[in-house]
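**Q** Chains as they are written, first to last, in our numbering: chain A, 1 to 469; chain B, 1 to 469.
Since the hints were derived computationally from the structure, they do not count as laboratory data.
You may find that some hints are simply not true.
[Unchecked claim] The calculated lysine to any residue pairs, modelled on SDA-like cross-linking and capped at a C-alpha distance of 20 angstroms, are: (1) A:237 / B:237; (2) A:153 / A:172; (3) B:237 / A:52; (4) B:237 / A:48.
All values reported here derive from a predicted model rather than from experimental measurement.
Number of protein chains: 2
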Amino acid sequence: MKTKTVYCLSGLLLGLLTACQPSDSNLKNQNVALQLQQKALNSTLGYDLVESLTVEVGPRLPGTDKDIQAVNWAVNKLQSLGFDKVYREPVQVPVWHRGQAHAAVTSPYTQSLVITALGGSVATPEEGITADIVRFNSLADLKQAAPESVEGKIVFIDHKTERHQDGHGYGKTAPGRSQGAAAAAQKGAVAIVIRSIGTDSDRLAHTGMMRYQEGIKPIPAAAMSNPDADLINNMLKRSDKVTLQLFLSPESQGTATSYNVIAEVTGSSKPEEIVLIGAHLDSWDEGTGAIDDGAGVGIVTAAAKLIQDLPQKPARTIRVVLYAAEEIGLVGGKAYAKAHQHELHNHYIAAESDFGAGRIYQLDWNVNEAAVNALQQLTVEMADIGVMPGNNEASGGPDVSMLPALGVPVASLRQDGRDYFDWHHTPNDTLDKIDPAALAQNVAAYAQFAWLMAQSEIILRPVAEKQSQ
Amino acid sequence: MKTKTVYCLSGLLLGLLTACQPSDSNLKNQNVALQLQQKALNSTLGYDLVESLTVEVGPRLPGTDKDIQAVNWAVNKLQSLGFDKVYREPVQVPVWHRGQAHAAVTSPYTQSLVITALGGSVATPEEGITADIVRFNSLADLKQAAPESVEGKIVFIDHKTERHQDGHGYGKTAPGRSQGAAAAAQKGAVAIVIRSIGTDSDRLAHTGMMRYQEGIKPIPAAAMSNPDADLINNMLKRSDKVTLQLFLSPESQGTATSYNVIAEVTGSSKPEEIVLIGAHLDSWDEGTGAIDDGAGVGIVTAAAKLIQDLPQKPARTIRVVLYAAEEIGLVGGKAYAKAHQHELHNHYIAAESDFGAGRIYQLDWNVNEAAVNALQQLTVEMADIGVMPGNNEASGGPDVSMLPALGVPVASLRQDGRDYFDWHHTPNDTLDKIDPAALAQNVAAYAQFAWLMAQSEIILRPVAEKQSQ
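Bound-form chain A, shown alone:
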């Protein structure tokens, strides 16, 4: 445990020259936070939870039997961990079934491709679709194309995803997945097959959600693996005319009831005020949902459990929210914001863990600009585990990303995501991709963060006016 002197030195080293005389209560809170940090680093609870979810439930597409199994798993697990409150809130979710996906080049050479349907895609006719490919470097290029070059063709968006620590490569290519079908259909395309939004070179295709636009014909949409996209390019080098045969049989199956599952450590002095730490319980169907987002479930649950087990209660309530149906459009996050609209003014801060299990390297905020320095000082000892002070540009995570516009401060505990898009939304999203030590570091950071936020006397509102990212 550190003395006040050391703390001030840390502050100086970080160039934070103001307010270097923390209050005794801050010091006490920071000492508890350090205890939590050490306990978390020595605990396997976070990893055990991900293992349990991925082994005993596995993939859990919203609205399916597996999704309900996951909800039951979560309720039972949270209850058995002894949280003060455990409850669930119904969320109506659209149900989509993947079906089969096959594709083959039929000319100028014959080769099978590894593809998968994009989430929400319609099916091809039973006999499939056979058409020539028209290739674009990006969604932007497709949007600029002459309709006559696209009409009757299968659009191929060939946009490579860059590898970055903060994952911002995904932001550049994901719009091709979500909006490509509408843009292609508008110009008369019969289907779209994109290069997978992924940084790997595995022969596995990356799924993910796509959207149709009202008034534009829905066309089948799929992703091919990166090596298959390379193959198509090598064929296009040899012939302008590459013909693809595509078969997809996904099906939309109406709506079903899923649940946001919630657990609380009840606050002692300000129980109505809430520090929300979340993750999403649903997953895509092809892996076992380990990094997306079993990891987040394990991280925030284990962090809250460490606080639940402290001899002293936190001042504010710590609320763990395991969201439903994030993958298909932040459905649980939106439902939470609506169901809790009259309580949002009491949400002190919110953060979601939904970027795998890489180590957290930076803590960003989206709060009143005037609060940032104090927050950085309060959390300075998170640097012990590599979490450095960041900026005031946090989104908070997908399921809380709508909260800043509703006045709720958020934080982003930035994870090293260099590997994340190698496995994201593929069959490769399995337990072996998680480093238990890195996961424990995440638990440590969330436990420190949640405790310090529950105790903090810093005023975070109003949230700085800006676009949330």
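Chain A is fixed; fit chain B onto it per the hints.
**A** Positioned in the frame of chain A, the structure of chain B alone reads:
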């Protein structure tokens, strides 16, 4: 180009203190070899050939239409490269069709598994096989098991493949694949599913050949991906009774005619004497056969083409042999040895490239022990590209591995195989796994090797008596 002094220094540095006065003809040959080395490093021919084969033909399972496409591709390509002779020799090959493969755990939890049939496997009944799993650490453990523990069960051999530069981890685990079904059936098992023989953690299963034993009932045999094997272990931690449902529909379809495709650079002074450099043309059906063994095809073909294009012909004939049906039991290699039995005494040396496209780091021999020092001196300048002198324990490669017992000297140009078993026999065996610069280094090494062997006056026979590896 190096002077005699430098050459002797190189020899000294390598601790080769004898015969440090190479003949003028040796020096001349070594100078040509160095020219070949430099040309190879600056040429993309090897890579272009692999690209052409994997893009224009793709997977080429022995005896299938694709296999015949590959034979035609090879004949056309070798002819267009201008080799002195191009011909093909028929090989009768068994034909096996993969069909479908599905597996799921049905108890204590329900999860789908990623599996693939092992080559040569029989099918399950149409309704599949449902039985409990019995797990073994290795084939050896299965062989020691009490039959009552195995009877009526699905055997799971859970042997992890170690990662090594020389790939020797494969030698430890591959017998579980090839012999596991017979060992399991002998004790009454109804099927066998092994942990993939692979060093990766991708959700892709590794196929590969297996064999039944006469008099023992053939049972269906499959491999599951490494993450799926981990999943089964995590279930077995939770319950002794894990039930698997298995469906396989492979089919043996008799025999067909394939071909060893052969090209030659005719020797000038000793045309009847042969330096054989080979690779295999067939591949498994799930990838595009890039590292196994499109790379080898590109390497040896490009190396020979560089020699074909020299202003002076080699003394001996350089013979490129692209073998048929290696994957299903060295069928082309055995056929070549039989068809050429009366000519084997004229095979000066043979080597096959069949271990991917990693850089060559060592040159091993299987020759008269007395010849090794002289060979190491002759090839000393291969160290310029990282190829260091090795031992006298070479196998020569799968399709030439039977030749030493028939009196033919062989060499192994050892490739760095640390990554090889990540991709081997999976859909991930695609062009992107090949580093063009590493492939060019291979071409350089084979070109030097083949040229020096064609010119060599060293007597290599009789081959040292020992087990070929």
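**Q** Now, for every hint given, state plainly whether the structure supports it.
**A** Here is what the structure says about each hint:
1. Between residue 237 of chain A and residue 237 of chain B the CA atoms are separated by roughly 51 angstroms; this puts the pair beyond 20 angstroms, and the hint is violated.
2. Restraint check for residue 153 of chain A and residue 172 of chain A: the C-alpha separation of about 24 angstroms exceeds 20 angstroms, so the hint is violated.
3. Using a Cα cut-off of 20 angstroms, the hinted pair residue 237 of chain B and residue 52 of chain A holds, with the two alpha carbons roughly 11 angstroms apart.
4. The hinted pair formed by residue 237 of chain B and residue 48 of chain A meets the criterion: a straight-line CA distance of about 13 angstroms does not exceed 20 angstroms.
The earlier numbered hints that this structure contradicts are 1 and 2.
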